[in-house]
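Residue numbers (our numbering), protein chains in the order written: chain A, 1 to 478; chain B, 1001 to 1311; chain C, 2001 to 2291.
Just so you know, these hints were derived from the structure itself, not from any lab. The structure presented is a predicted model; accordingly, all values stated were derived computationally and were not measured. All C-beta atoms, glycine included, are put in the ideal place defined by N, C-alpha and C. Be a bit skeptical, because a hint or two may be false.
[Unchecked claim] To list a few chain B residues with every Cβ distance to chain C over 10 angstroms, as calculated: (1) Gln1026; (2) Gly1028; (3) Tyr1048; (4) His1179.
[As the list claims (entries may be wrong)] Each computed DSSO-like pair below joins lysine-lysine, with the alpha-carbon atoms no more than 27 angstroms apart: (5) B/Lys1105 x A/Lys327; (6) B/Lys1296 x B/Lys1042; (7) A/Lys327 x B/Lys1256; (8) B/Lys1046 x B/Lys1137; (9) B/Lys1105 x B/Lys1070; (10) C/Lys2016 x C/Lys2040; (11) C/Lys2016 x C/Lys2062; (12) C/Lys2013 x C/Lys2038; (13) B/Lys1296 x A/Lys327; (14) C/Lys2013 x A/Lys138; (15) A/Lys409 x C/Lys2107; (16) C/Lys2128 x C/Lys2062; (17) C/Lys2038 x C/Lys2016; (18) B/Lys1256 x B/Lys1296; (19) A/Lys425 x A/Lys313; (20) B/Lys1070 x B/Lys1137; (21) B/Lys1042 x B/Lys1256; (22) A/Lys327 x B/Lys1046.
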Amino acid sequence: MSRFEYAPAPESRAIVDIKSSYGLFVNGAFVEATDGKPFKTVSPASEEVLAEVSEAGPADVDKAVRAARRAYEKVWGPMAGRDRAKYLFRIARLIQERSRELAVLESLDNGKPIRESRDVDLPLVAAHFFYYAGWADKLEYAGAGPDPRPLGVAAQVIPWNFPLMMLAWKIAPALAAGNTVVLKPAETTPLTALAFAEICQQADLPPGVVNIITGAGRTGQALVEHEGVDKVAFTGSTAVGRSIARSVAGTDKKVTLELGGKAANIVFEDAPIDQTVEGIVNGIFFNQGHVCCAGSRLLVQESVYDEVLARLKRRMSTLRVGDPLDKNTDIGAINSAEQLARIRELSQVGEDEGAERWSPECELPAQGFWFPPTVFTGVSQAHRIAREEIFGPVLSVLTFRTPAEAVEKANNTPFGLSAGVWTDKGSRILWMANQLRAGVVWANTFNRFDPSSPFGGYKESGYGREGGRHGLEAYLAH
Amino acid sequence: MDSLADVTSSEDRLRRFLLGLPGVDQVGAEARAATLSTRSIKTTAKAYALDLAIQMIDLTTLEGQDTPGKVRALCAKARRPDPADPTAPQVAAVCVYPDLVATAKYELRGSGINVASVATAFPSGRSSLAIKVQDTKDAVAAGADEVDMVIDRGAFLSGRYGLVFDEIAAIRDAAGDAHLKVILETGELVTYDNVRRASWLAMLAGADFIKTSTGKVSPAATLPVTLVMLEAVRDYHEATGLHIGVKSAGGIRTAKDAIKYLVTVNETAGPDWLDPELFRFGASSLLNDLLMQRTKLATGHYPGPDYFTLD
Amino acid sequence: MPTKDSARLDIRKTYKLYVGGAFPRSESGRSYVVNDAKGKFLANASLASRKDARDAVVAARKAFGGWSARTAYNRGQVLYRIAEVMEGRHDQFSAEVAAAEGLSVAKARPLVDAAIDRWVWYAGWADKLAQVVGSSNPVAGPYFDFSVPEATGVVALLAPQDSSLLGLTSVLAPAIVSGNTAVVVTSFERPIPAITLGEVMATSDVPGGVVNILTGSASEIGPWLASHLDVNAIDLCGVEDPDEARDLEAAAAENLKRVRRPAAEDWLESPGLSRLTQYLELKTVWHPIGV
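Same shape as in the complex, but just chain A:
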């Protein structure tokens, strides 16, 4: 019997229209940058240059913040919540209408599989705008007191792992609460944010309410340090979050930070085994492991260790790594050469420290940035790969004997973003959920997101919540 080989099933690129170069989106229009150098954004799957993008320098940042301030004072702040809601609903609908195009663009620029950008990212992006649209005229019921007021101009800096979704998580609640925004997408994934700028134009959003400026760390730093900013929202690494927290010290800026993680995914002997294996895979290989809440530390009860590992490896052998635009791809490209180097380095450290490395046989494309799904066994709490965020498709496996030991190991980290628990015993789930010091606990599931569900970390994973009623509080004075 011949094997069932899936023929290539590429999603068409024809639906996207990428310009050769992009300006900054300031005050409702695309403008040339005045003091920055242009840079290129590439497809991580092929290293093909997709477009040239402007770098916003300090003068550009200043213009954008001023535009946001004007829009806040003259238009968006005074506007009735009902009308702000309508703009957000419009944007949500436009995103739905253009969702295939945006999904393809996201996969091209980011490297994530089209199956995920199409089935996870884009639906959540639209849902996020729908959810917060409905809040815009109900803010007095949001639990932030009887007279909630917006903060003013929000500086928002987002990462490259979920470019459009992180944009939605930032912009939707900010606008619903009556703030205006200057948002900087990550330098490796600016294209969907620029497409979103077009959507703002399509929606006739008043100029200056949303400003999108592109650039790297310097641009972000200039933005968050700008004196005209009332609120800073950042998602990214703990190191950058820390420096932002330092830079806003002594100011009146409100801050929310959604930072790194090293989540424990805890498997008990009575777990629903097949769904658990799926959850482990989804926990660490979803989005190439470029997920702050990834279940990167698998804690398995010793009594089922062999069985779980055997099943996990068998399942990993069916993962399809390759072209992000192929509809059958499970794992796409690593977002950048820099990130790939970091994953390689930490994996090497894992080997050097004596952990055993395993990957299924898989052919990686010659061009682009690729890393196979990888599992390290024989890992202890002392290994760097059990402590540091790798932010790639690399799983470290540890074991435990008792629930108390599982909790101890799970909490033994400066991070506290998420955790997973797999067991069929209800009382144990609730006990574990109580004990785990993490902002999100997924029990018998993993990596689920919803606009109504607050998300954010304990400890060095940051502060503030995104999503739900609580996500609004970050953008309201109270």
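Add chains B and C to chain A, keeping to what the hints say.
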């Protein structure tokens, strides 16, 4: 798993074994099936899948109004599914009630196509063991190559696993050399935990195949139910080295659906099961849709139903 | 030679710190003179050092697990008990607040009333907080999803320099009612009411280590607490110099402490929820719904 023989040594042990199987989380199982459904099977892969699906069909008629004439027509269709295209493969079997086995056997002589017969007071299974055994013997005596029995769902749901086991074992004996497919009627078992337990119970009792449904109860086959059964045969193989087949029956009408099942087979039990010896579709109208899609793929045009034979 | 009719000679007190339920001296052996608002000697207080702060953090961390795991109802009872014990020492507190803040006893009494009432107010919050700030989240899928508040951990409180009891209560009660444990650096010049509050803690039902009270200088100890990696949050209320506050906030960034910046406060005003929610983490739990 080294003590699999032991687990059937007493009803108590059997019960403890079945209740000790890992649970199935409904939401997770359905999410996995939904993800597998998003596989996009194109061009050469589609051609392969369509032909394979045809070869996996148990072309079925199980109606009160069945006649020898109807069965003869069905057998002709089984031999030459697409009169316009001799490259279209044959189906795996024709599935009928016991009284029509002889007719089917005669019509299919020399074709290599098996005759499958439902038995054991199909579809409800509500009669004495003696009658079920006799029903089976009749079918086999009339020439059935495969017997599709039903389990006693009432006994299963009330926890009398020993009774269900003994009945399957008795039918196993009565069926002799015929291949035994054990119908779990998953629509009546309701939970995936039950489906997993019933799958193991049937395999331990000697099933060659485990089959989802009679087709007379809704829901019949679903993708997640099939997924759970494929996990069971995979795990059984891991434990014993034996390959048990899976048959999804009822409600699978389109080529698109059939391909989703083949993807699920491929990525759950593995490529070994992409074989009519180990995976079957119990279906009737599915065949024509597979043939239409096959023609579309070959010619580039969308054909219409008038170009395919009714039976 | 003693004279018969001379006034009884005072016993001059040297107060100690309150750490882990005990009253140790500063490990540094240092103490300082506390005068009243008019410059008259009141007592000697221990001058806490960085090592005292370190010990206090250890005690607070040790107490955190047990205190945060108590039922909300029980924590409410314990806070109410604090109010009861304070009520019994009302005269003492009034005299101390009057001396510390340069008020008449008549003017001090309402501040003590307000402080005790504030403990009662916060006591009542213990078992309502989760209902008010938690939520059940209607996610678009077959999942039960809820969010509950939990204590942040060890909180360092640089207590207000001016309001020696009411201000202190207003920063301390909201921190501990939800299950946090606290390391308090008292008003430098007005520590006596805080010291007495420590005695109240020791004689009510507050477990040792939940509240730790260090008398001394926020400028000296603050930086050690702000940079301490086992402290989860810090209230800079008692820091009066903006540059110092900025530096403490910057130091607190090292482990992403939750920071409450100093701000003008009217302690008699209704406090609202902001201090309560300042030291809360929100935990969201998902579980599939299936059969």
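Structure-based check of all given hints:
1. Gln1026: Per Cβ check, B/Gln1026 is inside 10 angstroms of chain C; nearest 3 angstroms; violated.
2. Gly1028: With a cut-off of 10 angstroms, B/Gly1028 comes too close to chain C, as the shortest Cβ separation is near 7 angstroms.
3. Tyr1048: holds (34 angstroms)
4. His1179: Its Cβ never comes within 10 angstroms of chain C, the nearest being 33 angstroms, so this holds.
5. B/Lys1105 x A/Lys327: Violated: B/Lys1105 and A/Lys327 sit about 44 angstroms apart, past 27 angstroms.
6. B/Lys1296 x B/Lys1042: holds (12 angstroms)
7. A/Lys327 x B/Lys1256: holds (16 angstroms)
8. B/Lys1046 x B/Lys1137: This hinted pair is violated, its Cα atoms lying about 40 angstroms apart.
9. B/Lys1105 x B/Lys1070: With Cα atoms ~14 angstroms apart, B/Lys1105 and B/Lys1070 stay inside 27 angstroms; holds.
10. C/Lys2016 x C/Lys2040: holds (20 angstroms)
11. C/Lys2016 x C/Lys2062: Since the Cα atoms of C/Lys2016 and C/Lys2062 sit roughly 21 angstroms apart, the hinted pair holds (cutoff 27 angstroms).
12. C/Lys2013 x C/Lys2038: holds (18 angstroms)
13. B/Lys1296 x A/Lys327: Measuring from Cα to Cα gives roughly 22 angstroms; hence the hint holds.
14. C/Lys2013 x A/Lys138: violated (58 angstroms)
15. A/Lys409 x C/Lys2107: Given that 27 angstroms is the threshold and the Cα spacing comes to 54 angstroms, the pair is violated.
16. C/Lys2128 x C/Lys2062: holds (26 angstroms)
17. C/Lys2038 x C/Lys2016: holds (23 angstroms)
18. B/Lys1256 x B/Lys1296: holds (13 angstroms)
19. A/Lys425 x A/Lys313: holds (26 angstroms)
20. B/Lys1070 x B/Lys1137: Holds - the C-alpha atoms of B/Lys1137 and B/Lys1070 are around 24 angstroms apart, at most 27 angstroms.
21. B/Lys1042 x B/Lys1256: Holds, at about 11 angstroms.
22. A/Lys327 x B/Lys1046: holds (14 angstroms)
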